[in-house]
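S.K.: Please arrange chain L on chain C, whose structure you already have, making use of the hints.
As given, the protein sequences belong to chains C and L, one line each in that order. In terms of my numbering, the first sequence opens at residue 1 and continues consecutively. In terms of my numbering, the second sequence opens at residue 1 and continues consecutively.
Some hints here could point you the wrong way.
[To be verified] Which residues of chain L face chain C? A few of them, derived with a C-beta cut under 10 Å, are:
(1) H42
(2) L51
(3) E77
(4) S79
(5) V125
(6) M126
(7) D275
(8) C358
[Said to hold, decoys possible] Some chain C residues well away from chain L (every beta-carbon gap over 12 Å; in silico):
(9) L8
(10) D10
(11) G11
(12) L13
(13) P74
(14) G75
(15) E82
Treat the hints as calculated values from the structure; they're not laboratory data. Given the structure is predicted, the values throughout are model-derived calculations rather than measurements. Beta carbons: idealized from backbone N, C-alpha and C, even for Gly.
These are the residues of each chain, in order.
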Amino acid sequence: MARTLSILVDGRLLEVTEGVTVAAALLNAGEDTFRDSVSGRPRGPVCGMGICFECRVTIDGVRGRRACLERVSPGMRVITRE
Amino acid sequence: MSRLRDVSVDVVVIGGGPAGIAAATRGSEAGKRVLVLDEAPHLGGQIWRHLSRETLPAKARSWLDRFDRSGAEGLTEASVVDLQDARVLAVRWNEEVRVRAPHVIIATGARELLLPFPGWTLPNVMGVGGLQALVKSGASVAGKRVALAGAGPLVLPVAAALAQAGARLVVVADRTSASRVLRFAASLAGRPGDLWQGVRYRAQFAGTRYRWGTRVIAAAGESRVQEATFSAGGRTWTEPVDLLGAAAGLVPNTELARLAGCEVRGGGGGVVMVDALQKSSRAGVWCAGEPTGVGGVDLALVEGEIAGLDAAGQPVPPRLLKARDAGRAYARRLDLAFGLDGLDAVDLPPPETIVCRCEDVPCSAFDKSWTMRQAKLYTRAGMGPCQGRVCGAALHAMFGWPPDSVRAPLVPTPVASLISTLESSDATT
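Excised from the complex, chain C in its bound form (with noise of 0.2 Å):
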């Protein structure tokens, strides 16, 4: 059985899996909109791959980490449409 640990989303506690990357706990949270666009359009993850920047997200106080490219550590803290 994989295990679990807890993050923080938008102050949100969430138990997510071991070993998946920030964009898969978010979007298995039912948390699709991971930043607003220029103009104010919701935006979630496209590529997967690190290249489109959409799925772009507040980790530990660093702005615009690409969720997709980090795994989730204890504790970790991620702020979504900032």
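M.R.: Frame of chain C, contents of chain L only:
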């Protein structure tokens, strides 16, 4: 605060997919100090993306195990932002790594060609491979209604993988016309292994029709995709979906090679020109795998082996050169069958459709008499964080514009990182 680290090796390999893994393994087995840089959390690239190695096919496991045994070093979560002469600069979340290596092997793989259509910017509309990458990274599709609208050989394995993961495949579509596909299928007689692999994939979603000559023309929904509209032979129809994977094939990632000054030819980002030993036009720089032309995993492995051996000063066995030439010939047939330059023209989307997703530039903002440089200056298209990696290939497909020149940093980089490398650059010049 970020730190600066200097590393010196014999061979640096950029990209840890099959080509990079094979190159690094061969180089390291020949006694060279080899470092592989990759952006992802794991080595393996897109096709070998995994959460745990046990889930990979035997061939992938055996290469990754052989890489480990070879003593080559892998540095993951490292984005290469600059490559000049024998120096590579990579940025990680907490450090900058400056690599000096007399031999550079570029194995940066390919990305998807994403063509704009109304609604393609809605959440849960992704690439075909993009959807698969997210599933391989742990995203669940169980019970979800999924539609795929792609082009070429990637659609089949992705559909099979999604079905295995419990998705409900409502549409599996390929924009390639049935007549082009039949010509290609006839040419597969000499490659029965590929035919059988295709049949095995197809069996995994036997309940869903595979529609040739079919495109997605629109997606719609409130704040996420809820339905997708398809078009085939003059007929259009709409299906409710939870997820839509849409792409028009693959394009080589040539940005790094172009930045390094390697000769590149052809439309879009082009392909990197290499000689029989995978050497680029730039001394000390080899290139292997998809950047030399999309050809799949087996060809990437062979090209990687050749590049790794040659960069390490080893003779290359004739059987590898033969396998590479056969693989290249097959890749040309694939491109003829599924490439956009063939019979299937690209329709311009409706004027209000967003083309540049970073800057929200609509199709109506462009004038086809422009160049890509003019499009950037007048509309900001391609000036956002992706630096035109998505809209550049689309604009080439739509208007025929060759890409603008490439500049460092290749990936948006915190100013502090660049300053820290500048401050200590006097030590290296």
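S.K.: Each hint needs a verdict: does it hold in this structure or not?
M.R.: Each hint tested on the structure:
| no. | hint | verdict |
| --- | --- | --- |
| 1 | H42 | holds, 9 Å |
| 2 | L51 | holds, 5 Å |
| 3 | E77 | holds, 7 Å |
| 4 | S79 | holds, 8 Å |
| 5 | V125 | holds, 7 Å |
| 6 | M126 | holds, 5 Å |
| 7 | D275 | violated, 28 Å |
| 8 | C358 | holds, 7 Å |
| 9 | L8 | holds, 18 Å |
| 10 | D10 | holds, 15 Å |
| 11 | G11 | holds, 20 Å |
| 12 | L13 | holds, 18 Å |
| 13 | P74 | holds, 15 Å |
| 14 | G75 | holds, 16 Å |
| 15 | E82 | holds, 14 Å |
Violated hint for the displayed structure: number 7, the only one.
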